[in-house]
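Q: Single-letter residue listing:
2 protein chains.
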Amino acid sequence: MKTSTEKEKSSKTKRDVMLEAGICDMRYGVKGMYIWLPYGMEIRNRVDSIIREEMKRTSHGEVYFPLLIPENYFKKEEEHIKGFSTQVYWVTHGGDKRLKRKLLLRPTSETAMYPSFALWIRTHRDLPLKIFQIVNTYRYETKQTRPLIRIREIHFFESHTAHETFEESEKQIAEDVEIMSNIGKKLCIPYLLNRRPEWDKFAGAYYSMGADAFMPEGKTLQIGTIHNYRDNFSKAYNIKYKDDEGKEHYVHQTTYGMSERLIGAVVLLHSDSTGLILPPAIAPIKGVIIPVIFKGKEKRVMEFADEVHEDLKDFVIDKRAITPGNKYYDWEKKGVPLRIEIGPREVDEGCVVIVPRDTKEKIKIAKEDVKETVEKELNALSDRLYKKAEKLLREKIVNIEDMNKRKVSRKIARFNWCGSEECGHAIEESLGVSLLGTGSEKEKGRCISCHRDCDTIAYGAKTY
Amino acid sequence: MKTSTEKEKSSKTKRDVMLEAGICDMRYGVKGMYIWLPYGMEIRNRVDSIIREEMKRTSHGEVYFPLLIPENYFKKEEEHIKGFSTQVYWVTHGGDKRLKRKLLLRPTSETAMYPSFALWIRTHRDLPLKIFQIVNTYRYETKQTRPLIRIREIHFFESHTAHETFEESEKQIAEDVEIMSNIGKKLCIPYLLNRRPEWDKFAGAYYSMGADAFMPEGKTLQIGTIHNYRDNFSKAYNIKYKDDEGKEHYVHQTTYGMSERLIGAVVLLHSDSTGLILPPAIAPIKGVIIPVIFKGKEKRVMEFADEVHEDLKDFVIDKRAITPGNKYYDWEKKGVPLRIEIGPREVDEGCVVIVPRDTKEKIKIAKEDVKETVEKELNALSDRLYKKAEKLLREKIVNIEDMNKRKVSRKIARFNWCGSEECGHAIEESLGVSLLGTGSEKEKGRCISCHRDCDTIAYGAKTY
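Chains as they are written, first to last, in the numbering used here: chain A, 1104 to 1567; chain B, 1104 to 1567.
Read the hints as simulated data drawn from the structure, not as lab findings. We put the beta carbon where it would ideally sit given N, CA and C, even for glycine. Don't take each hint at face value.
Pairwise CB distance ranges, derived in the manner of DEER restraints [said to hold, decoys possible]:
1) B:1225 to A:1524: 51 to 61 Å
2) B:1349 to A:1429: 17 to 27 Å
3) B:1161 to A:1319: 39 to 49 Å
4) A:1182 to B:1495: 23 to 33 Å
5) A:1246 to B:1417: 43 to 53 Å
Examples of chain A residues lying across from chain B (beta carbon under 8 Å, computed) [what the hints assert, rightly or not]:
6) 1131
7) 1164
8) 1188
9) 1191
10) 1197
11) 1219
For lysine-lysine, the following DSSO-like pairs were computed, each having C-alpha atoms within a straight-line distance of at most 30 Å [claimed, not checked]:
12) B:1179 to A:1134
13) A:1200 to B:1203
14) A:1203 to B:1246
Please take these sequences and the hints and turn them into a complete structure.
A: Printed below as a string of structure tokens:
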């Protein structure tokens, strides 16, 4: 186990990765709130685009609900208030005037949206209602903040749906699970999907699932959550539909949320001692062409490099008057997936050298095959990143047969759990982990706390 | 002149246009804040994309600065505070705890950004610095609010630049003027560009320019503002660069801002009694194909319509089992630029009928020419919208030779003005207008207030 000083050093390194790659600048005057730099914004916009594509594919409409929520909207669902009231920011004044009604900054948008759901939904023909928004949410975190991981201004995706029946809402959950899987693949983030224990579900939810990715620092990071609310909120916000006979029913609702933690996971999972390695799907620059100049041969090399660039319009060509080594370093820090080196020898041979950011292996290919090879190498790099992270995840899962042994450190514990809260907390205490919840697989065994027979498999780990 | 009841009716109609087209829902619990519906969001995202393209073309990097600004950041530039302090929202509590330092919601981002500019800019090699962000800003408006026009949660574009010299900053202003012109053309919004009088410039600016579009209701709407700050902010925020000799200088800064008023202008300018007419550049659906079915000929018409749809992938085909008339009405409300009607006769002749949203003139063309004609008709519609609005603008400008006559109503007054504040206010009072500022053209004459010789042309109108 790392000492606390080592941990700090490693955490500092990731901060450096982010600043040096040009993702975020952490020097802002409010704790837990950071500046997104142009390169970081391009990555973030690409992640948002991937989400929007998935939403379009699955017929969700994009909306925007106001940031400011009136106190009376917020106070309708009891569990939800309990869950959030200690961490909402309150706006109390406009100019010098005290507002008649306090307003809160959205910590999430259930309470902003659902009064409108009650207006929009009249009959079963208005269902399913499927919407999403990508906005910032605000939570006055009392825990230690950390860029991209635990922050007070969160770049947030949230989809909200309403359905006729519980069964329909469960189909939506299945669709969300599929979307999460597509996004995990594109961003090269494998994860475990766990159904959270009762005491850790979203405030107001019937049940919650979390996508837990394992980070090299030894903890799991929740990168997405999917909730079935059943009719908990529709009862509080009076969201009803009439069926064909004119009979009224409360709708069943689900939500699905993700944030810039997706980018946090990429930074934590996919960087090395030089800097970032970006999954091609979210890389603002897919590759860089570097002419390696020798005196007297500049012109031929430059012309050849320009020709290669013609075929690779989303590549950058770096003609700066600095050494190739310095150029390599600059683009490696930024995580650019591919580098193409072109020197006099390549020109003579009609070839280029392709160097993937992760392996740094030199691949020499004929100039006419460049476009095709680049496409192939980008896919191959993406596969390698995913598989490497998946291997890490799988390797770190340890089966626990008996909880009365030593703590589980920097690993994910896998064990039978009877499902009782008492045993859950006992296990957390004994293993020194948080119970992530139950996976979808079944396996006969005995609860490691009470030793009763059960077939439920649960996971536990230290979390961010 | 319209009576006040007529005005209300016309204003209500525009609200209806927005709700019926599916742009905004005004039923939200905070005054001046509205819900963007899916169709409205698609339009808004298209406007944002056009802005992002222009920003990319002119080498501005996209950033994001936090919403919450610490009080001490805000209070550094005196004029700026004076201008904004009555209309900022204050966050005073996190959960139940009073914050040690109050935070304000950004009304605009100078004070959030410029402490970072002081960190980022070291030498002349860091200049020019050109960034922008698209965010929401918050202003506690005391005037009457109105959707898309005067609101308290503003969807805001703001670019901020820093330069070595005043001359360089003036070149930036010229670039901003060109960008504004490109955007005006694409959105079919002609405007006058006026240099605002001293008493109406942006808080902290050296000078301000406003793009004023004329709306059919008889008032001008400011759809964009461009400011040269000179070194007013750099002195307050200590933003300096070293020249080649190591000598320090304050940077010169500019900003450029636009908002969803661009969409407000489109709604006010380009709608008729049926509903919206969208400029093709921002239309989520470029056209709709409507099979006009007669008993017994369904199959042939549908097949033919599907074939046409093959060629027009960004068109929608409407196969609902309702009358063609109802379909026409639905899509007209939404402002879809083109309609294609296909009935049995068209199938027999191998033709389609194209109906532009504005003229409703039926254009019959051979099926094989559909793609080309659609492209041409979209451009033609865009041209007509722009020219119609430009004609309105030009017609409404009245030259005023003498201010001691009747008020200027539902028009734009054009007159010589000596430039003095005293005369400016006297003219405003006498004509019953706001002084928009001075245009770029010169024309010899006499100030209509003091009768001194001058060649400055100014404009005045009622404004939103």
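Q: If a hint holds in the structure, say so; if it doesn't, say that too.
A: Verification of the hints:
1. B:1225 to A:1524: 51 to 61 Å: holds (57 Å)
2. B:1349 to A:1429: 17 to 27 Å: holds (25 Å)
3. B:1161 to A:1319: 39 to 49 Å: Check passed, 40 Å falls within 39 to 49 Å.
4. A:1182 to B:1495: 23 to 33 Å: For residue 1495 of chain B against residue 1182 of chain A, whose Cβ atoms are near 56 Å apart, the range 23 to 33 Å is violated.
5. A:1246 to B:1417: 43 to 53 Å: holds (47 Å)
6. 1131: holds (6 Å)
7. 1164: holds (3 Å)
8. 1188: Nearest chain B Cβ about 7 Å off; hint holds.
9. 1191: holds (6 Å)
10. 1197: For residue 1197 of chain A, the interface hint holds, since the closest Cβ of chain B sits about 3 Å away, which is under 8 Å.
11. 1219: holds (6 Å)
12. B:1179 to A:1134: Between residue 1179 of chain B and residue 1134 of chain A the Cα gap is close to 20 Å, so the pair holds against 30 Å.
13. A:1200 to B:1203: Judged against 30 Å, a Cα distance of about 20 Å means the pair holds.
14. A:1203 to B:1246: holds (17 Å)
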